[in-house]
Amino acid sequence: MSLDPNRFQKNPATSEPRWVKYLLITISLIFFSFFLLLPLVAVFYEALHKGWQVYLKAVTDPIAFSAVKLTLLAAVISVPLNLLFGISAAWLITKFDFRGKQLLLTLIDLPFSVSPVIAGLIYVLVFGAQGWFGGWLIEHDLKIVFAVPGIILATIFVSFPFVARELIPLMEAQGREEEEASTVLGANGWQTFFRVTIPNIKWGLLYGIILCNARAMGEFGAVSVVSGHIRGQTNTIPLHIEILYNEYNIAAAFSMASILAMLALVTLVIKVYVEWKLKTQMNLEPIAEGQS
Amino acid sequence: MSKISKNKIFPGFGLSLGYTIVYLSLIVLIPLSAVVLKASSLTPEAFWQAISAPRVVASYRLSFGTALLAASINAVFGLILAWVLIRYQFWGKRIVDALIDLPFALPTAVSGISFAAIYSKNGWVGHLLHPYGIKVAYTPLGILIALIFIGLPFVVRTVQPILEDLETEFEEAASSLGANRLQIFTKVVFPILTPAVLTGFALAFARAVGEYGSVIFIAGNIPMVSEITPLLIITKLEQYDYAGATAIALTMLIFSVILLLIINGLQAWTAKRSGRSF
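Protein sequences, first through last, are from chains A and B.
Position 291 of the first sequence, counting from 1, maps to 291 under the numbering used here, and the rest follow consecutively.
Basically the numbering used here = 1-based index in the second sequence + 1000.
What the hints contain is simulated information worked out from the structure, not anything from laboratory work.
Fair warning: this is a prediction, and the values are worked out from it, not measured in the lab.
Please note that the accuracy of each hint is not assured.
Stated by the list, open to error - Incomplete in silico selection of chain B near chain A, CB under 10 Å:
(1) 1020
(2) 1035
(3) 1103
(4) 1108
(5) 1111
(6) 1171
(7) 1172
Backbone N, C-alpha and C define an ideal beta-carbon position, used for all residues, glycine too.
From just these sequences and the hints, can you work out the full model?
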């Protein structure tokens, strides 16, 4: 199937009058500029319009550096855990038939529809001073909420479904035949998984990981609830941005924000690349089948 | 073939089932059940009082109202954007297409301060509107703008693949039977897209109701006027009113679960209409 938009325009049955076409394009571009382009450009403008010196001072500040470190730590722990879960859940859902599959899919999506504030609240209720384990934790002088472990838990929660959500439709579309063939030919489970499944899903996997990472590094609401807001200790980049902004240190706030905006742009570039790779991979498959 | 023997082909059923369920329970289900248990420690009267106080009700009206309006605006403009991206060729199209996902990738605190700066009195757009007495930042209108940003990709990305797979035969058949272009769109194309548009709308709505980061910087956060429900939960927590915060959280959670079930139903309908799986 060709995706060339010209095929619609050449056909009178599938094309609109010129003025309708240009009107729709104009509406789209105005909407796009106001709601997507403008906020992105504003981040970099606000970060840089006071000059490079202000910018460099903001991003090399020791407190900013500790925020970057904590953000990286949260991502380094939560992304691999959610990656492992995503692979396990996708394998379970796409390779086996069992009762309650639909329920499981719904439950995996749950963190997407729970407010980030509630995602933070639940860990306060479990590990906070008045929570389930509150007394025990105080007795043993352990701190989870309003400390680094709470931030990591909240980050795991909000970035939980990304890998699974990316892999399930992809593995569903690819079917089970290749793994079946591999098993019939005598490969064991791990051999099949590493030599057949992983090469097939690697691009989807990469996209799931970068989306998961973007959410993990950028989470604000959930982390805000469980963070102690202690400068240099329990502040991630987004929390550091909030403090700077509320102190009217606008240029510094936007300087830190520009780091996350660049991360977002890198995420989008990888996404475009992965989609292109997936498309070529999908287009190649029928040819390979035809040759066999 | 029976289900059991079919499952025997692949190894790892027990392992993946066990791991998936344990991890899901530890990270999501058990902590979420804390909300239900904590809320049930309240007497029914206290619970009702916590979720129906005037300030709380005002926050529902604001959160749900702005979220509903933002999702509706996204349904309309998201459909137009998806249509333009699939059907037309224009300069800069690839950049527009790539940046549609920006709200997914850009941290909410970043978009939050950016919108607050753009729409404040001295901001790029704010200073143009200020002479006319239109205030966006620190009003519900500002909340609406942030929520439109957050929800846009949901509609575009659910409608786009359906539109991409839509074969031209239906439109050609309608055309050869004498329908004009407007009739073809409203009677042939739009009914096919309806489930996807509704799914996108529901996803955008669900996300907008609970949104926090991109809203609080532009909202003003004045009780009864521009205080969203998630912020109220945080305010209660900061006052150590854990039970009150949990009661409101449970109300929102029940709403989210209902919405999630509706979304699942809509997705099944989309799949049926368009012959796609997932």
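Each hint tested on the structure:
1. Proximity of residue 1020(B) to chain A holds as hinted, the smallest CB-CB distance being about 5 Å (cut-off 10 Å).
2. Satisfaction of the interface hint for residue 1035(B) is found here, the shortest Cβ-Cβ separation to chain A being roughly 6 Å, below the 10 Å cut-off.
3. At its closest, the beta carbon of residue 1103(B) sits 8 Å from a beta carbon of chain A; the interface hint therefore holds under the 10 Å criterion.
4. A hinted interface residue such as residue 1108(B) counts as satisfied when its beta carbon comes closer than 10 Å to some beta carbon of chain A; here the least separation is about 5 Å, so the hint holds.
5. With a least beta-carbon distance of about 5 Å to chain A, the hint placing residue 1111(B) at the interface is held under the 10 Å criterion.
6. Taken as an interface hint, residue 1171(B) checks out: its beta carbon lies about 5 Å from the nearest beta carbon of chain A, inside 10 Å.
7. Contact between residue 1172(B) and chain A, as hinted, is supported at the beta carbon level, the nearest pair being about 4 Å apart and thus within 10 Å.
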